[in-house]
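Enquirer: These are the residues of each chain, in order.
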Amino acid sequence: MAATLVSLRGVVVRYGETVALQIATLDLHSGEVLAILGPNGGGKSTLLRVMGLLQRPSDGTVMFRGKNAFEGNLLRLRRRCATVFQEPLLLNATVHENAALGLKLRGLSNHEIARRLDPWLERLGITHLRGRSARSLSGGEAQRTSLARALALEPEILFLDEPLAALDPATREALLRDFQGILNESKITAVFVTHDRNEAFSLAGRIAVLHQGRVAQIGAREDVFHRPASEIVADIVGIENRLPGVVEDCDGRYVTICVNQIRLRVAGQLTPGTRVIVCLRPESLMISRDNFRASDSNRLTGIIKGVLAGLMHQRITLECDGLPLVALIERQPCVNLKLAEREMVTITFSFSAAHIIITHQ
Amino acid sequence: MELIWHGVLKAVELVFSLDVEVWSITWRSLQISGCATFISLLIGMPLGIALALARFPGRGTTVALINTGMGLPPVVVGLFISIFLWRSGPLGFLELIYTPTAMIIAQVIIAFPIVAGLTMAGFQALDPKLALQLLGIGASKPQLLWLLVKEAKLPLLAAVMAGFGGVISEVGASMMVGGNIRGETRVLTTATVLETGKGNFEIAIALGLILLALTFAINFLLTRIQQREQLRWPRLS
Chain Y
-15 MAATLVSLRG VVVRYGETVA LQIATLDLHS GEVLAILGPN GGGKSTLLRV
35 MGLLQRPSDG TVMFRGKNAF EGNLLRLRRR CATVFQEPLL LNATVHENAA
85 LGLKLRGLSN HEIARRLDPW LERLGITHLR GRSARSLSGG EAQRTSLARA
135 LALEPEILFL DEPLAALDPA TREALLRDFQ GILNESKITA VFVTHDRNEA
185 FSLAGRIAVL HQGRVAQIGA REDVFHRPAS EIVADIVGIE NRLPGVVEDC
235 DGRYVTICVN QIRLRVAGQL TPGTRVIVCL RPESLMISRD NFRASDSNRL
285 TGIIKGVLAG LMHQRITLEC DGLPLVALIE RQPCVNLKLA EREMVTITFS
335 FSAAHIIITH Q
Chain S
361 MELIWHGVLK AVELVFSLDV EVWSITWRSL QISGCATFIS LLIGMPLGIA
411 LALARFPGRG TTVALINTGM GLPPVVVGLF ISIFLWRSGP LGFLELIYTP
461 TAMIIAQVII AFPIVAGLTM AGFQALDPKL ALQLLGIGAS KPQLLWLLVK
511 EAKLPLLAAV MAGFGGVISE VGASMMVGGN IRGETRVLTT ATVLETGKGN
561 FEIAIALGLI LLALTFAINF LLTRIQQREQ LRWPRLS
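Chains as they are written, first to last, in the numbering used here: chain Y, -15 to 345; chain S, 361 to 597.
One or more of the hints may lead you astray.
Unchecked claim - Some chain S residues close to chain Y (C-beta under 10 Å, calculated; not the full set):
no., residue
1, Asp379
2, Val380
3, Arg388
4, Lys489
5, Gly496
6, Gly498
7, Ala499
8, Lys501
9, Gln503
10, Leu507
11, Leu514
To be verified - A few chain Y residues that face chain S, going by a derived Cβ cut-off under 8 Å, partial list only:
no., residue
12, Arg40
13, Gly44
14, Leu59
15, Thr67
16, Arg90
17, Leu92
18, Leu137
19, Pro308
20, Val310
Rather than coming from a laboratory, the hints here were simulated on the basis of the structure.
Just so it is clear, the structure is predicted and the values come from calculations on it, not from any experiment.
Note that beta-carbon positions come from the ideal geometry of N, C-alpha and C, so glycine has one too.
Starting from the given sequences, assemble the full structure and let the hints guide the process.
Expert: What follows is the structure in structure tokens.
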């Protein structure tokens, strides 16, 4: 078990009468990348500031390696961390001066600064910009400078507050790839705040879903993305098909759930009469024209209500006996099928593709 | 026109003939206003920074008072300082009335709200997230303050210029608390008023031009420093 670097216990942050954050318990383990995923205004950045020792909570304790962080030498602890923000605010100085700032604040010699900073300038592809004024940089270049500034500090924990959100898609894609490489190579402990599911899934091993200031679910990314604990989490992680139903039968391995007069078989064991929500990721639905039948799969017939073209996927909205469904189909197979609105199609998904959330026992 | 032309010629003559009286008045003006500006910076800048960055009870009232103080009429300042420093006044025992010190006190009261107000505005123009980002890379509180001052140096230079400009050119308060005593409290502005009153327009114009040249030279220097740091805007077509 990896050591716990930061622990939050009963942390509450209030702004006036409003409770912005309420965390009963949250631990950050050494070497892990934890993503904090949630909608805007959900308290993600506040949580990051509290974990990064930049904001004192109204209540509760923040432990850094087992000691109450806000009772000790805060600056010393804060200097073991580094934070990168969505909008890199650089000083009116050169790229090198900005990137070296954190090291300079720690009183390091120019030689030591060069030793620690130069590899990161190189790794992030901004060595050629070192003499340029920071005010003349593009958004991507400024964020790379801000990253170099943080990484050169060799922090025990790197905090990232939506560092890719303000970038154009091409720059974001390139920086995301760099990020993945850096996090994998350096084995650095990182906390990554984002509202982007793809970023969270690409970068983090563990994900905490934050909703209205509370941790709605925390766990391994596969668990959170495929086995959400609640309908709110299902919505946040992009499970668009959330079908309320009642368990009718259970054979020990599969349950039969009645959803809008349609019977679906889903892997699981539940007592008949239990009210549930069947969660289906849009990408786990398959669409065919023929009467395709696969073993261990549910098969529905539906009509296409809309086709939305995309670069990677096409988004198909369907209706099966009054049941609305959304499917994400890879672009090429979709183009080959020539799917069109008002067309009848067969929809299949395996018994194990669905996840059940119990709403009422 | 002839009067003005003669005034200009007289000014040139006074400057280049190294007239002791003129040079001592000019040097005294610089000393008094420079000293007052320096003290105003010492009071006004920390106050402006505190008003911009901190939240404390009475902050709103202080900001309102500072904003009012930025437009204080010098004669009103002169009146109250005179009352306080008058021999029978509450601070009369200090025997400061009609001294350069009294003029400095009056000029500080005129200049420090200007410095504080412009410093506050300059700091408030900084992105509030900048402080958080600097703390996020390990800045201590004093380091943070120093970095913010460096980042706000353009508006801070403007505060210096406005403060100095405000006091070097004021006449009401200096006249009232200084008394325009020759060789002691006579400065460029009060001397100009005196010579105009006596009908010595040539000398008055000469003193006025020296005052203008002095103000221009100091502001030119500060502007050069300020504009060197200023970002270049793209050329608009």
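Enquirer: Of the numbered hints stated earlier in the document, which are not met by this structure?
Expert: 1, 2, 3, 12, 13, 17, 19, 20
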